[in-house]
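Chain by chain, the residues:
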Amino acid sequence: MPTTLQFACDLRHGLHARPASLIAQIAEKSKSRVLVKKAGAAEADARSVLSVIALDIQPGDAWEIVVDGADAKAVSREIESLVHSHFGEQVGETDQAEGDDVPGAAKVPAALMRMGVAVVSGRPASPGFGRGRMVLLRSGSLVESLPERAAERPEAEAARFRRAVEVAAEDLEKRLRRASGTAAELLTAHRVMLTDSELLASVEQRIAKGASAERAVAQAAEQFADRLRAANSVIIRERAADVHDLAIQIVAGMGIAIGEEVPALTEMSVVVAESLTPGQLLKLDATLLAGLVLGEVGLTSHVVILARSMGLPVIVGVPGVFLRSASAQRALIDGTFGFVVADPGEPVLRLYGHDERAQKRRRDFLSSFGARRGESRDGAVLEVGANASSDKDVERAIANGADGIGLFRTEVLYLGRSRAPREEELFGAFAAAVRAASGRPIIFRTFDIGADKPAPFLHLPEEENPFLGARGARIYKRHATLLRTQLRAIVIASVTAPGTVRVMAPMITTVGEMKWFREQVRAVEKNLANGGLDAPALEVGMMVETPAAAASVARFAAHADFFSMGTNDLSQYWFAADRGNAAVSALADELEPSFLRVIRGAVRDAHGAGKWIGMCGEMASRAANLPVLLGLGLDEISVAGQSGAEVKYRLARLDREECRRRLDEVIDGPVSIGEGGVLSVFGGGGADASPIADELIELKCEATTKEESIREMVGILYGAGRTDRPGELEEDVWAREATYSTGLGFGFAVPHCRTKAVDSVCVAVGRLAKPVEWGSNDGVPVRHVMLLAVPEAANAKAHLQVLARLARKLVHEEFRGAVEKSASAGELGKLLKMELGL
Amino acid sequence: MKIVGVTACPTGIAHTYMAAENLEKAAKAAGHQIKVETQGSMGIENELTASDVRNADVVIFAVDIEVEKKERFEGKKVIKVGVTEAIKNPSGVLARAGG
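Quick note, the sequences are listed as chains V and E, same order.
Here the first sequence is numbered in this note's numbering, starting from 82 and rising by one per residue.
Here the second sequence is numbered in this note's numbering, starting from 528 and rising by one per residue.
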């Protein structure tokens, strides 16, 4: 008697690849036949991820699971609890951070509209701009691009196919070991598809009917890709590209190269294509790639995510007419606003030339902070580490100004594997990471497996509630050998290069667990020392992820050398709210005073016991949270991505005592927290910097038009780290300019605006080599531009007074004369500061 | 002559203060007494009191937006100009006010 389970889909992206593969894993090891059905429509074998996602089950759709067989009861219970846990769906930390930068619809900047430039609009998919020669890439059918070859006997073709799958799987494993972040996620998705039962069956059937192995693969893949392309869900349509990609890899395993031809780039290029596979993107010479102009490709497609992680500007949804007719013209792509200009003329190139200079200014400016230690304005040290999963991540993080690695995730080496990794493999990965850290401290977190991070070879029992189950350190005693193997690899790796290696355990709840963990580390060290290894004892720390640990840090201090707050899990447990469940995720607000109180308490307890304490959750990665983190008194933060230098720059502008005072007001109250949330209490992020500074003054401006000079002034603010969103700032300046000209007369102009794009009042001052027409009352072209940017939520009255005084000064001839006569930025800076009482 | 004025521009960042400064400068040069209230990004500053208004011969509004607390000026002679007018030609504005 089959068991039928009925559900309504509540996943934000529908039943997409990840949840489907979790169901497939259960179906795979069961003895029953498991079907996924969409109400009133087709059904699919649950073991085939591709068939399940092709059902296109959308949010709100009714769907069913039918289990028929010996273990139907157990299997259906397991699936039911999986569905009720929403498949552990959670918002990834990089996606969220990047998602903030991606505006929805295309816009044309006011400057280009004023200049009358013709643009082709798409949707902005990855910010930044680039220019180069357009290179058109046509995507053809897989089957058509196969070389002619007569099929041999079906058995021979089938063997050929199986070998090719093995080769492709090995190749994937190899690439997966080297990959990290987004690229690793992509490859993991490919690994799941490579074992898809229906895809394999479809290929085998075609071979049985006499097709050659490569033709069978190409046909089966195209058929699946077509089914996926017909889905309503964008996220599922985009998987078609992955199937296409996978077929190419399998066929490559037969020694046949198809479909992946990419042109060899010979100069800076803008690649134009209806669609592009991640594989193709990786094959293009990244050093010559200026941007991607694509057709109907989704904002969440793998190719776009990959391009974003490469910092490559991308626009999507560009009309087919343009995509097909683009010739080898030059083009300029703006991925922030979402348009492309074919054959940009001199004026457009000059405008964007200012952006290039601004980017260089910013790199130079920030790199000076990366080289220093993280320190606040009042001299409080906050170590700025980075999160990493591979030696490549470590290398990039250090190059971008991180003080060390505050979280090296080791579970990547275990997830989705059918066998445990061997010690040599682990050692290789860890030693490479230690080398890449080039002398800076690195914290290895021992494997964090369970709940949403499955490792099939461990055969962990199914649980009603995996997030409250056996995960992290809780599985260590049962898998002590696995832990010791990892610890051996870490200890041996620690002596391969200079630097401080630390180790920490995830999900510690009791003092006993921590004591046991520390004993394991010491035992492994002793064992290795007996074997002749001369390694200093590792510092052993723990993640603070459970409320139980957070509330009694002092008791753990006897067994832990340091602590790291894992706020992702701690907040879910604290608020009893699943962060992946849209219905309740808002409850898990890391800035809620009760949560801040717990963290503050943990920090105080750690310090009371003479131990240092850091934070490695997403909370630490959000730039806006920095004043809170500083106020909490943390010793270290470990952030996602490559923003070390930038975080240190922001830090240098904050005052810890001020942040601490405001935080205490928030926690101990009564402070009413308004619409702007907790952060607004910190006053524009608590950032403080003089509105006038030498690095904001440029006496050799190259702008030749009003449009250019506004862009150049905005570039000065961007270059000095005063804004992260120059495009938005520029639009706000133009919006104000539309009411009436900001030309004062006498060759002076004061463009200005209130804007969300700055967090403190600032003034960019420029002297133009060639005066430009500004529409001033007296008709005199402008030679001196002062761009005033005021944060929308400005409450730093002292800074606003500086602007008011500056405005008043400007109506006096003597003051203007002194500005005109200043011979250097330093001299002008001094004059302004003196006159404005700074 | 005793003059009081109010300046206010859309963003309250620059023109409000330039207009106030220019009116003060021109009035002093012409030998008038003047007090100008600014309604800008910092709110109302140099606020005109009831006696300031009562004793004034004329009120100048150099504004591009609505004047706040307008009721204070009921019954007074008011000259209204745009902010840029007061910046470009403050003496002309004073002349219109009877100065």
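These are calculated hints, taken from the structure and not from any lab test.
Just to be clear, a hint being listed does not mean it is correct.
[Stated by the list, open to error] As a list, the in silico BS3-like pairs of lysine-lysine whose alpha-carbon atoms are at most 27 Å apart:
no. : chain 1 : residue 1 : chain 2 : residue 2
1   : E       : Lys552    : V       : Lys911
2   : E       : Lys603    : E       : Lys552
3   : V       : Lys890    : E       : Lys552
4   : E       : Lys603    : V       : Lys890
5   : E       : Lys615    : V       : Lys851
### Query
Within a Cα-Cα threshold of 27 Å, do Lys615 of chain E and Lys851 of chain V meet the stated pairing?
Holds. Lys615 of chain E to Lys851 of chain V sits at ~24 Å (cutoff 27 Å).
### Message
So if I understand the rule, the pair passes when the alpha-carbon distance is 27 Å or less; does Lys603 of chain E with Lys552 of chain E pass?
### Response
Holds: Lys603 of chain E and Lys552 of chain E sit about 23 Å apart, inside 27 Å.
### Message
Next pair to validate is Lys890 of chain V with Lys552 of chain E; report whether the Cα-Cα distance is within 27 Å.
### Response
Within the cut-off at roughly 11 Å; holds.
### Task
Decide if the proposed pair is consistent with the structure: Lys552 of chain E and Lys911 of chain V, CA atoms, cutoff 27 Å inclusive.
holds (25 Å)
### Message
Checking one constraint from the list: CA of Lys603 of chain E to CA of Lys890 of chain V, max 27 Å. Satisfied?
### Response
violated (31 Å)
In the structure shown, a violation is registered for the earlier hint numbered 4 alone.
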